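The numbering of the sequence shown is the numbering used here, which starts it at 35 and goes up by one.
Keep in mind that the hints were calculated from the coordinates and are not lab data.
A couple of the hints might just be wrong.
DEER-style ranges, computed between Cβ atoms [what the hints assert, rightly or not]: (1) Gly-60 with Ala-183: 39 to 47 Å; (2) Leu-84 with Asn-104: 47 to 55 Å; (3) Asp-154 with Thr-43: 22 to 30 Å.
Computed from a predicted model, the values in this text were never measured in an experiment.
All C-beta atoms in this analysis are idealised placements derived from N, C-alpha and C, irrespective of residue type, glycine included.
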Amino acid sequence: GELNLINTTVVGSVVGSATGSATLAGSNAVSGDFAMAAADSLFVGLGGLLSGQFDTLDIGGDATLAGALNVSLDPGFTLTAGNTLNIVNIDGTAGGTFNGLADGALVGSFDGVDLFIDYDGGDGNDVTLFSVLQGDFDADGDVDGEDQARWETGFGMSSGATFSDGNADDDGDVDGSDFLAWQRNLGATAQGVAAATNSASVPEPSSLGLLIIATLVLINRASIRRKPTN
């Protein structure tokens, strides 16, 4: 059968033999265990980086992952380097992987941006999708000395070299431009970039708004000072 969750909470556990296909829409939860079977499929849509803009599943118990993971982007949403999205949050223990997707595997390429999977995301056992930062040659979510070593190992490679060999600009070779990409992002983390993106999405008070507030405060104070005394 099919399990279509649209901002839904399932009280109890869900076993793989009963799902067949699980489609998420919005923020969903299973209070108990969630177990998938090899023939199951999980469909997840991504429409943005903020909470509520991409489909999620919160599991209150243990999770057994299996079957196919199908990820799609909503119209108008574009991934960029350093994006991180926690799609499955697991309170209990986690086991298994999706078909053909080992930890760090490529989930798909969307408009030229590669999206990978991490089974150790969130608080250590959540399923996270992430796009690699330029300079993160070992695709572990940060840009550090290990990436420099990976670049040095791959320097001079060509014909099909990938980011894991030190190629940051996907031009087919590992050269000085890749080192400059590493240097620009040294110390950056995918989580930090995502947090900065989310923070930037929250509108700051306008200068006019602040001026109005300050003016009202001054008028109120002046009124208090002029108030006659008995």
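Do the hints match the structure? See the list:
1. Gly-60 with Ala-183: 39 to 47 Å: The hint (39 to 47 Å, Cβ to Cβ) holds, given that Gly-60 and Ala-183 are roughly 42 Å apart.
2. Leu-84 with Asn-104: 47 to 55 Å: violated, 22 Å
3. Asp-154 with Thr-43: 22 to 30 Å: This hint holds: roughly 26 Å between Cβ atoms.
Consistency with the previously given hints fails for number 2 only.
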